[in-house]
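A.B. asks: So you can see what is in the structure, the chains are spelled out below.
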Amino acid sequence: MSFDLASTIETLEGSFPGSITGTVEYRGETTVLVDKKDIAGICRTLKDSFGFTFLAELTAVDYLEVKTPRFEMVYYLHRFGPEYDENVRVKLKAAVTEDDPKIDSVTPVWKGADWLEREVYDMFGIEFTGHPDPRRILMPEDYEPFPLRKDFDVRNREASKLSFERALDQDAE
Amino acid sequence: MERVEFISERSVINRETGLREETMMLNMGPQHPATHGVLRVVLYLDGEMVVKAVPHIGYLHRGIEKLCEHITYQQCLPYTDRMDYLASICNNIGYILAVEKLLGIEDEIPERAKTAEVILFELGRIESHLVGIGTNALDLGAMSAFLYCFKERERIYEILETVCGARLTTSYPRVGGLPLDLPDDFEEKVWNFLKIFPKTLTEVDKLLTRNRIWIDRTKGVAFISGEDAVDLGLTGPTLRGSGVPYDVRKAMPYLGYENYDFEVPVATDGDTYSRYLCRLEEMHQSLKIIEQALNNLPDGPYAADLPDVVLPEKQLTYTRMESLIRHFVLVYEGFKPPAGEVQHAVENPKGELAYYLVSDGSGKPYRMRVRGPSFVNMQALPQIVQGSLVADVIAAIGSLDIVLGEIDR
Amino acid sequence: MGVNTNSILGGDGFLTTTIEAFANWGRKNSLWPMPFGTACCAIEMMGVFASRFDLSRFGAEVARFSPRQADLMIVSGTITYKMASVCRRIYEQMPEPKWVIAMGSCTCGGGPFDSYAVVQGIDEFLPVDVYVGGCPPRPEALIDAVMKIQKKIDMEGAPVV
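Protein chains in written order, with my numbering: chain A, 1 to 173; chain B, 1 to 409; chain C, 1 to 161.
Pairs of lysine-lysine, BS3-like flavour, derived with a Cα cap of 27 Å: (1) B/K336 with A/K67; (2) A/K47 with B/K250; (3) B/K52 with B/K219.
Bear in mind the hints are in silico, worked out from the structure with no lab data behind them.
Using the sequences and the accompanying hints, generate a full structural model.
C.D. replies: In structure tokens, the structure reads:
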């Protein structure tokens with residue numbers, strides 16, 4: 001492999017001192033644990049200087065009562081190699097606390113992060129500062145709870161029924 | 001459903017003509033014949049030209065990711081069918097591969113299972129592209145192409161029905177291999193399909209590829225450059241139509257794809273016509289792969305020999321106590337992968353489908369996340385239709401080849 | 001017309017005029033379906049309209065996507081609460097007489113999706129005439145449902161809402 005991931009991570013540790021808190025290797029995947037305050041800068045560096053032009057995945061996990069901080073943002077970045085078999089995929093994880101569920105948006109770095117971040121907001125309630133269009137995407141606009149949080153029951157249809165009734169009333173007007 | 005104002009921006013006075021101008025809002029509502037499902041696109045028009053397009057999704061959000069946190073890994077499989085329901089078998093295989101990666105048993109899957117999965121995957125690709133091209137053509141008025149494509153889809157349904165009993169939502173593979181051996185007439189049916197299908201493909205080709213009307217409606221329509229496409233995260237024929245040769249089968253091979261001889265079609269123009277050509281050629285390449293796989297279909301076991309993961313043979317559960325207990329435990333509690341997280345990507349006909357699984361050591365996934373290619377591809381719509389006519393919006397949506405089940409999950 | 005009503009209705013004992021029987025015969029043999037397809041069942045419904053399981057054999061050839069021109073709404077696919085208000089609105093735009101087929105398990109009772117966003121059966125907000133189970137139901141099942149609607153039209157005429 002002509003692309004050296006380890007030295008890339010070392011360079012990042014140099015440019016963003018204190019933000020890279022560790023690396024994990026599991027089942028052939030490399031994970032870099034980052035501090036959320038520098039996530040936009042790290043992503044920008046990885047895209048511009050190291051060629052990770054493709055954002056493959058952006059999601060979050062809710063670790064209610066399993067560990068703190070509660071939320072963890074997961075980013076999968078992908079680099080196209082010049083040859084087919086030199087594609088590199090790296091994972092970034094940034095922890096987000098429950099008291100301050102905000103993180104910088106990476107939409108200025110990759111336009112494709114737009115809807116992915118909207119979905120994370122819709123499902124988990126994590127807000128993205130600097131996002132051009134922070135609205136709900138999958139649930140109705142007037143829906144209140146955040147469904148994918150672990151303390152929300154999967155069969156709880158009350159909020160959906162409320163939104164449905166409001167829509168019927170609006171139609172009747 | 002949220003209210004949208006009829007006048008999008010304040011009306012402005014055109015300095016040259018002295019007339020007051022405002023854009024008109026046109027709602028392509030969730031119920032529409034050409035939106036490939038329940039997609040709502042709010043168009044702001046200046047005459048016939050689109051100034052802004054805002055897609056609204058979520059009308060089919062069923063909560064699959066949340067539902068899968070309450071059931072065992074094997075029980076999640078039928079939910080994966082119903083996401084990209086045009087090529088359910090591809091979704092299934094992608095999910096099974098992700099779970100096998102989580103368990104760490106990728107090397108123990110027998111060759112027969114892997115080769116059968118490749119054949120079914122490529123049949124799923126053909127299935128999906130037939131709908132993609134068929135509905136794209138139907139929206140633009142070419143109804144015969146739609147009927148030919150669906151006729152061929154019926155043939156694939158027949159093959160899937162002999163294999164697993166269901167036409168559309170297959171739920172066929174299991175973690176560790178296949179649930180049952182392939183039926184005896186499977187190979188014969190697929191060989192027959194390989195003989196008949198190229199003729200229909202040539203007919204569709206003749207109907208559309210050099211058709212003056214088709215070319216006028218699709219060339220230059222809904223253009224996106226390669227760089228923009230990568231920035232937006234597009235994958236699949238939508239990306240390859242703009243000149244970027246990224247295909248997960250070649251970049252991060254799985255199921256032995258590195259051993260098959262096939263090409264990845266890439267077009268350079270970045271418009272609807274290029275994407276159509278990519279899909280058409282991909283079907284030819286899929287036939288090539290299926291032929292190679294059929295020639296190499298080995299005999300042997302159809303599931304791995306892993307008592308912790310694979311259900312025992314049914315006959316044994318009737319006679320042996322250990323097999324019965326093992327069956328009971330595997331169905332009731334499920335196998336327990338070690339705590340950890342993985343992502344596995346496959347080349348779905350629509351793009352890169354990736355499953356991100358987080359395991360906490362129990363039999364149920366802690367988090368199952370599906371990166372649907374249509375969800376990310378849909379983001380391109382506002383950009384590609386800006387400045388084009390309303391009729392081109394229909395062509396654009398068709399060329400993105402979206403399926404709402406995958407967008408909304 | 002000189003028709004014996006008893007022989008048309010099979011001696012069921014319904015008293016009806018010949019004009020109504022004639023109108024029912026006309027309605028049932030030229031149902032104009034409106035495919036309200038949302039998810040996987042919509043693909044099987046497209047298969048029914050395609051060449052192998054041809055629904056136009058039963059007169060239901062003209063699939064109108066505009067509710068104002070249709071009289072049979074085939075709701076196929078999961079209906080979520082976000083979509084439910086749209087579905088109700090479309091139903092109200094259809095002129096009388098109208099019938100509804102609930103195709104697939106999701107419309108009959110939520111199907112496999114017992115979650116926060118899915119309506120557990122469209123009869124929560126729509127009057128349904130025929131339920132077709134299956135996930136998705138085979139095209140023959142949908143054709144059977146259309147035939148049941150035809151039988152229902154014969155027996156009851158236009159439904160009273």
